[in-house]
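> Here are the chains, one letter per residue:
Number of protein chains: 2
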Amino acid sequence: MNGAQSLIRTLVDAGVDVCFSNPGTSEMHFVAALDSVPEMRGVLGLAEGVVTGAADGYARIAGKPAVTLLHLGPGLGNGLANLHNARRAHTPIVNVIGDHATYHKRYDAPLESDIDSVAGTLGGWLRRSDSTADVGADAAAAVAAAQDPPGRVATLILPADVSWGDGGKPCAAVPPRAPKAVSETTVKQVAEVFRTGEPVALLLGGAACREPGLRAASRIAAATGAKPFIETFPARLERGAGLPAIERLGYLAEQVAYQLDGIKHVVVAGTKAPVSFFAYPGKASDLVPDGAQVHTLATLDEDVVAALEGVAGIVAADTEPVLAPAERPELPTGELTAQNWVQVIGALLPEGAIVSDETNTSGLLLPGATAGAPRHDVLTLTGGAIGQGIPVATGAAVAAPDRPVVNLEADGSALYTISALWTQARENLNVTTVILNNRAYAILRMELQRVGAEGSGPKAKSLLDLSTPDIDFVRIAEGMGVPASRATTAEELAEQFARALAEPGPHLIDAAIPPLL
Amino acid sequence: MNGAQSLIRTLVDAGVDVCFSNPGTSEMHFVAALDSVPEMRGVLGLAEGVVTGAADGYARIAGKPAVTLLHLGPGLGNGLANLHNARRAHTPIVNVIGDHATYHKRYDAPLESDIDSVAGTLGGWLRRSDSTADVGADAAAAVAAAQDPPGRVATLILPADVSWGDGGKPCAAVPPRAPKAVSETTVKQVAEVFRTGEPVALLLGGAACREPGLRAASRIAAATGAKPFIETFPARLERGAGLPAIERLGYLAEQVAYQLDGIKHVVVAGTKAPVSFFAYPGKASDLVPDGAQVHTLATLDEDVVAALEGVAGIVAADTEPVLAPAERPELPTGELTAQNWVQVIGALLPEGAIVSDETNTSGLLLPGATAGAPRHDVLTLTGGAIGQGIPVATGAAVAAPDRPVVNLEADGSALYTISALWTQARENLNVTTVILNNRAYAILRMELQRVGAEGSGPKAKSLLDLSTPDIDFVRIAEGMGVPASRATTAEELAEQFARALAEPGPHLIDAAIPPLL
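Residue numbers (this note's numbering), protein chains in the order written: chain A, 121 to 637; chain B, 121 to 637.
Since the hints were made in silico from the structure, they are not lab data. Predicted, not measured: the structure shown is a model, and the values here were computed from it. Some hints here could point you the wrong way.
Copies of the same chain look alike in the list, so a pair counts if it fits in one copy or across any two.
Stated by the list, open to error - EDC-like mimics (lysine to aspartate or glutamate), calculated; alpha carbons at most 16 Å apart, straight line:
#1 392 / 406
#2 289 / 133
#3 579 / 137
#4 392 / 228
#5 579 / 547
#6 225 / 331
#7 579 / 159
Please put together the full structure from these sequences, using the hints given.
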């Protein structure tokens with residue numbers, strides 16, 4: 121058994137049985153070994169950002185890591201942005217990067233580069249397999265590290281000769297650790313905060329964004345008058361009819377200032393205290409209101425759901441959560457607008473949908489329109505590195521082949537990793553992509569004003585414009601094997617969206633939406 | 121004057137007047153400042169690999185750097201593969217990366233990451249601007265460092281508040297250094313090597329790959345019987361009728377072993393001694409024949425052309441170079457094959473063309489077919505990180521608007537940075553892209569065998585297959601605003617290629633070529 125075979129066998133035995141890959145010569149033994157371990161599924165991406173984003177989406181839904189296969193330093197570079205998003209989502213990923221043979225590195229061949237330093241910036245777990253006999257144990261350690269709460273990117277660098285060498289030994293899975301328990305003292309202290317009678321905000325993140333955490337938070341809020349919020353960009357948020365509808369903290373500092381106005385205590389549960397996404401001249405970076413106190417109920421590696429339930433047991437023992445009623449918007453009519461496209465989605469979103477949301481400015485009104493839709497999961501852009509939505513949808517569909525995946529995608533963001541559509545076609549994945557095509561980097565038009573860049577003229581505006589020439593996503597999707605159509609009215613969007621959901625396999629709708637702002 | 125304005129003013133004063141950019145919020149003041157310095161041209165790329173690859177292509181043709189504008193760590197990650205290729209090409213690039221405001225970094229906002237460590241792996245020049253007053257001087261230093269022989273990526277990290285702050289001071293250009301002179305002693309010693317009567321190979325790289333260096337090398341070879349070779353992947357190679365036709369060293373170790381068979385001395389001039397691109401089980405990494413001596417005539421930062429002319433003056437004072445006659449292949453007929461498509465290119469390549477060559481396996485027979493075509497420049501994949509050809513062609517066309525640019529591009533490689541086509545349409549660049557569409561990662565099929573990965577079965581082969589579904593580059597190009605057509609016969613390719621060259625603006629031809637191997 122060679123090193124590659126021991127690696128894949130170990131991964132499969134640890135429950136990691138999907139490999140998103142974009143291999144090169146140094147990974148050929150890994151590729152060849154796929155045939156000797158039939159349980160491992162190989163999914164090809166045509167660019168590494170597709171591979172890493174798909175692994176992120178897969179794990180958010182599957183609840184366990186996939187393995188990525190990247191080619192040397194440039195492959196890691198191409199995949200780095202979506203690994204950054206995965207890092208911010210605390211997504212478990214076993215990130216295998218092939219390297220030159222150990223004895224070949226000193227020759228500084230053209231593809232030689234410093235993989236370790238680049239991978240080190242991901243701040244997760246990082247190891248280089250030095251010998252074939254160790255590969256199995258390294259792989260088992262990588263799987264455990266990836267899943268160690270709250271989850272991380274575990275990178276294993278695999279030199280070609282270590283991969284092709286004989287003497288590989290599969291290794292038994294190392295059970296991942298459970299989240300740490302929050303102390304009873306902390307639970308009681310935080311419960312007291314809710315009893316002060318002063319205005320409290322309860323900020324939820326991580327595992328708290330799923331049903332049990334949301335229910336506990338809703339009970340606390342209902343019993344004490346505290347205002348609950350979801351962190352701005354949750355990795356996976358459960359919502360819809362029958363679940364507590366809890367508002368997300370806004371992207372803009374101005375929104376957050378409004379949401380937290382008058383708050384004296386911010387209780388953070390499975391997330392961190394809010395900070396501004398970017399700095400703006402003369403505005404604060406720390407979004408905790410002046411004079412408010414921050415209390416940590418649970419850090420990211422602690423059992424936030426049990427802690428919330430503990431607090432609820434103290435302050436809301438007899439209080440039920442407030443659940444969203446089942447209610448949908450009416451189907452709108454007329455030209456598509458920034459207001460009515462979200463009503464189409466709200467009216468038609470199917471039961472059990474997974475929504476990969478990279479709508480940026482176009483999606484500002486989406487949460488209101490879908491709060492009473494059937495239960496669904498929302499996967500958001502956790503790290504701000506655009507180009508995440510299509511790959512995440514792709515990976516989510518691999519993880520949950522029986523659930524409809526809806527990818528709501530800004531035009532500018534779509535272009536970074538557009539070839540993920542081809543993977544959707546190849547794997548016949550049930551993904552319906554709606555491109556919110558406002559023909560601009562609309563968010564940057566807004567930011568150009570917000571950063572106070574006065575005096576910007578035609579050259580600056582031109583660099584934020586995507587209309588010369590217009591991008592035809594119908595043709596691009598068809599070129600990658602995905603059936604596609606264009607919608608310019610609400611009726612067209614509704615008809616095309618319903619049809620796409622009813623048919624198996626991927627579809628794309630290029631929706632002409634004017635900019636919101 | 122703010123920091124961004126002082127930066128752009130300084131760059132323009134130093135002759136750097138093209139900015140390839142994919143900006144975000146932290147770069148909005150740079151974008152705004154473009155309107156206050158009219159000499160700077162902003163060129164938008166829809167992904168950072170387009171931006172960095174275009175800057176590489178631009179500088180290879182313009183002979184001076186462009187500036188890139190990237191957004192934070194993820195933007196650098198997306199652009200890293202083509203910066204790696206630029207590093208291997210010794211291309212001067214002023215690589216500006218926006219960062220969060222200095223005071224914002226400690227909040228660990230979602231887009232925070234370790235930019236410095238990733239940029240550090242490029243091994244070039246790296247500086248972080250700490251104060252607005254220093255930005256001008258930092259920019260001047262970056263331009264000088266980028267151009268310091270042999271050329272490099274000079275990265276300037278620009279925090280948002282340093283960019284928007286008042287008190288920017290433009291700085292006068294720092295003249296770049298000239299290449300170091302090779303000592304007369306070295307020239308004489310190396311000249312003696314050519315007089316030993318033993319078999320000598322003369323390996324040319326860097327500046328030696330343009331007319332004066334090629335002529336000197338050809339004289340040396342003609343006078344002494346030495347075998348001249350071009351390094352495997354030159355950044356810019358001048359060739360065609362009226363220039364010496366010097367063979368490139370092969371990509372495969374087996375080819376190089378054949379080319380260097382019996383050689384006793386390898387003289388390297390503006391490059392390094394040959395090494396294998398990858399390691400293969402049981403094969404040598406060092407491609408210098410056993411027992412042969414390596415002699416360095418000129419290192420990468422030395423004046424290799426003067427050194428070659430010095431040697432030629434000693435050993436070939438009365439010898440003329442051997443120049444390629446003007447001769448083209450006949451236009452072929454019938455179904456396209458791996459053999460005949462290169463004849464179409466050879467028959468029709470226009471005078472003064474710039475060829476961006478990312479043909480990989482499909483291009484093995486190209487050099488023979490174009491050796492007697494009119495004079496042209498060839499830009500190759502210097503670092504092995506695929507996804508370079510379309511961006512490099514884009515940048516080259518910006519640098520030389522009056523020259524026809526021909527991009528010969530493998531299908532698999534094209535998908536990494538396909539949105540460069542949109543930039544070609546937006547800027548109305550004269551680029552004719554021919555996709556060699558063999559519906560496979562054909563090079564990896566070959567490598568799967570070469571690395572000895574026996575026992576590879578259907579799963580492995582499937583991961584190297586691009587035919588399920590077929591990729592329709594005509595539709596993709598049209599979706600990005602580039603007129604396109606499909607060729608399946610030699611006649612169609614010839615007709616479409618000639619027409620594309622005759623019309624202004626970009627065109628794409630999706631050429632159905634069976635795999636060579």
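> Failing hints, ascending?
6
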